[in-house]
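Chemist: With these hints in hand, go ahead and build the complete structure from the sequences.
Mapping of the sequence shown onto numbering that gives the first Met the number 0: position 80 corresponds to residue 79, and the numbering continues sequentially without gaps.
Where hints are given, some of them may not hold.
Computed list of lysine-lysine pairs in DSS-like fashion (alpha-carbon distance at most 25 Å, straight line) [as the list claims (entries may be wrong)]:
1) Lys292 to Lys313
2) Lys66 to Lys49
3) Lys223 to Lys259
Have a look at the derived ranges for each label pair, beta carbon to beta carbon [unchecked claim]:
4) Gln443 to Arg404: 40 to 48 Å
5) Glu314 to Leu136: 20 to 28 Å
6) Asn50 to Asp384: 34 to 42 Å
7) Ile233 to Gly94: 53 to 61 Å
8) Ala166 to Leu270: 29 to 37 Å
9) Thr255 to Lys113: 46 to 54 Å
10) Gly349 to Glu131: 27 to 35 Å
11) Ser299 to Ala368: 50 to 58 Å
The hints are simulated quantities; they were obtained by calculation from the structure and are not laboratory data.
Small disclaimer: the values here were computed from a predicted structure and weren't measured.
In this text, a Cβ means the ideal position worked out from N, Cα and C, and glycines have one as well.
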Amino acid sequence: MKKADIGLIGLAVMGENLVMNMESKGFCVAVFNRTTEKVTRFTAGRAKGKNIIGAYYLEELVGMLKKPRKVMLMVKAGGAVDAFIEKLIPLMEKGDIIIDGGNSHFTDTIRRTKMVEDRGLLYVGAGVSGGEEGALLGPSIMPGGSPAAWPHVKLIFKTIAAKADGAPCCDWVGENGAGHFVKMVHNGIEYGDMQLIGEAYFLMKEMLHLSNDEMSVIFGEWNKGDLDSYLIEITRDILAFRDEDGVPVLDEILDTAGQKGTGKWASMAALDEGVPLTLIGEAVFARSLSAMKEERVAASGILRGPAPGFHGDKEAFAADIRDALYASKIVSYSQGYALLKAAAGTYGWGLKYGSIALMWRGGCIIRSAFLGKIKEAFDDDAGLDNLMLAPFFKEKLEAGQAGWRRTVSAAVLGGIPVPALSSALSYYDGYRSARLPANLLQAQRDFFGAHTFERVDKPRGAFFHTDWTGEGGSTSASTYEA
Numbered sequence: 000m001k002k003a004d005i006g007l008i009g010l011a012v013m014g015e016n017l018v019m020n021m022e023s024k025g026f027c028v029a030v031f032n033r034t035t036e037k038v039t040r041f042t043a044g045r046a047k048g049k050n051i052i053g054a055y056y057l058e059e060l061v062g063m064l065k066k067p068r069k070v071m072l073m074v075k076a077g078g079a080v081d082a083f084i085e086k087l088i089p090l091m092e093k094g095d096i097i098i099d100g101g102n103s104h105f106t107d108t109i110r111r112t113k114m115v116e117d118r119g120l121l122y123v124g125a126g127v128s129g130g131e132e133g134a135l136l137g138p139s140i141m142p143g144g145s146p147a148a149w150p151h152v153k154l155i156f157k158t159i160a161a162k163a164d165g166a167p168c169c170d171w172v173g174e175n176g177a178g179h180f181v182k183m184v185h186n187g188i189e190y191g192d193m194q195l196i197g198e199a200y201f202l203m204k205e206m207l208h209l210s211n212d213e214m215s216v217i218f219g220e221w222n223k224g225d226l227d228s229y230l231i232e233i234t235r236d237i238l239a240f241r242d243e244d245g246v247p248v249l250d251e252i253l254d255t256a257g258q259k260g261t262g263k264w265a266s267m268a269a270l271d272e273g274v275p276l277t278l279i280g281e282a283v284f285a286r287s288l289s290a291m292k293e294e295r296v297a298a299s300g301i302l303r304g305p306a307p308g309f310h311g312d313k314e315a316f317a318a319d320i321r322d323a324l325y326a327s328k329i330v331s332y333s334q335g336y337a338l339l340k341a342a343a344g345t346y347g348w349g350l351k352y353g354s355i356a357l358m359w360r361g362g363c364i365i366r367s368a369f370l371g372k373i374k375e376a377f378d379d380d381a382g383l384d385n386l387m388l389a390p391f392f393k394e395k396l397e398a399g400q401a402g403w404r405r406t407v408s409a410a411v412l413g414g415i416p417v418p419a420l421s422s423a424l425s426y427y428d429g430y431r432s433a434r435l436p437a438n439l440l441q442a443q444r445d446f447f448g449a450h451t452f453e454r455v456d457k458p459r460g461a462f463f464h465t466d467w468t469g470e471g472g473s474t475s476a477s478t479y480e481a
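Modeler: Now the structure itself:
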């Protein structure tokens with residue numbers, strides 16, 4: 000019996016399309032699904048006549064595979080992944096490989112890598128981005144886990160991945176949870192990009208009173224320049240799309256956004272690392288606020304603010320919005336990369352930041368021309384502290400800063416919420432400030448809790464306490480970072 004190159008468990012949208020992608024690139028794939036009717040339906044339908052073999056129980060699936068066996072899980076993150084791992088381990092041999100291609104939390108992947116390796120097998124946690132289309136035609140793949148597994152999965156992953164300038168959007172990220180961490184940050188940046196675009200759309204709609212068709216043209220023009228990206232491109236198309244009755248579909252969609260948790264995970268990881276991931280955090284909270292639809296509708300009849308309006312040059316203001324969007328995008332990626340750098344230090348990952356940018360250039364949701372400039376920035380300075388400091392991005396921020404400030408000011412005066420655009424500007428201003436009001440904050444902490452402070456006239460690392468009331472004594476609390 001012919002042996003398959005890889006087995007895949009989970010025939011939902013992503014799983015099916017990855018199988019079709021692999022088969023189209025010359026690989027034989029064995030498939031299994033917990034609900035076995037899906038196996039029959041897939042192999043007798045879409046996969047009929049293809050180099051795809053159906054399995055109806057796990058022992059059969061494992062027996063169909065070439066050694067070292069490679070089984071890829073495309074199932075819901077959480078307990079389902081653990082359950083399949085426990086069932087697969089007794090069926091596999093030393094050196095066989097289990098791959099999790101779902102959106103698992105990176106800490107779960109760290110735990111699973113150790114557990115699987117302790118049982119003599121190898122483990123890969125691979126972030127896969129690109130949605131249904133990407134899975135079928137070429138996704139961005141971010142694998143991490145057991146380094147010994149990479150030589151065995153490399154050919155399949157690089158062959159099926161998207162290509163950017165001929166290079167596959169896939170490379171080994173690092174040990175244990177590194178791949179899923181990078182995918183999590185990717186998704187956080189995706190949250191930020193989408194929120195920024197939404198705010199730009201809302202400003203043009205509410206303040207400039209532009210039609211969907213007019214905005215579609217503007218987004219189309221933006222997509223020809225610095226903002227060239229998949230999300231800008233589909234925004235152009237969404238704005239132009241009409242229902243069968245001629246009504247713009249966008250106007251019929253309820254303004255409540257869903258989320259699956261990866262943006263929240265990125266924000267929580269940033270808090271753990273002490274990295275100010277402010278823009279992505281605001282994008283997550285903006286989705287939460289949007290979900291409070293009924294409460295917002297009620298509040299709109301009670302709380303008052305200024306009437307949105309704009310009486311200047313509409314074309315000039317649209318250009319300001321473009322500048323604000325691009326500058327904020329720089330901030331979003333700067334914060335995302337700062338989180339990657341912090342986590343690399345915490346977990347001992349040797350992340351290749353330029354390579355990560357290349358992995359995101361094709362197949363994934365945040366793919367854009369912008370990412371090539373990130374690769375160049377890290378090629379020029381591998382130890383770059385913050386993307387905003389790279390000459391290219393520094394110049395772009397300076398060029399767009401006036402329009403960025405005018406956009407945020409106009410939004411505030413017009414009562415239009417722009418949490419991502421404004422938080423990006425605050426981060427930029429905070430990062431470029433040699434002095435911040437944290438001295439007062441630290442004095443307050445020392446006043447009520449004897450938490451101590453450092454002094455400008457003493458070396459860093461020396462801590463002092465003041466008896467502010469004359470009744471506190473000299474005892475101070477220990478200093479630590481939460």
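Chemist: Does each hint fit the structure? Answer for all of them.
Modeler: Against the structure, the hints:
1. Among the hinted pairs, Lys292 with Lys313 is inconsistent with the structure: their alpha-carbon atoms are about 30 Å apart, more than 25 Å.
2. Taken as a hint, the Lys66 and Lys49 pair is honoured in the structure, with Cα atoms around 22 Å apart against an allowance of 25 Å.
3. Using a Cα cut-off of 25 Å, the hinted pair Lys223 and Lys259 is violated, with the two alpha carbons roughly 31 Å apart.
4. For Gln443 and Arg404, the hinted distance range of 40 to 48 Å is not satisfied, since their beta carbons lie about 30 Å from each other.
5. For Glu314 and Leu136, the Cβ-Cβ distance of about 37 Å falls outside the hinted range of 20 to 28 Å, so the restraint is violated.
6. For the hinted restraint 34 to 42 Å between Asn50 and Asp384, the CB-CB distance of approximately 49 Å leaves it violated.
7. Distance hint for Ile233 and Gly94: a CB-CB separation of about 43 Å, inconsistent with the stated range 53 to 61 Å.
8. Between Ala166 and Leu270, the C-beta spacing of about 35 Å keeps the proposed range 29 to 37 Å intact.
9. Evaluation of the 46 to 54 Å hint for Thr255 and Lys113 yields a failure: the beta carbon distance comes to about 40 Å.
10. Roughly 33 Å separates the CB atoms of Gly349 and Glu131, a value that falls within the hinted 27 to 35 Å.
11. Restraint check, Ser299 to Ala368: a C-beta distance of roughly 39 Å breaks the suggested window 50 to 58 Å.
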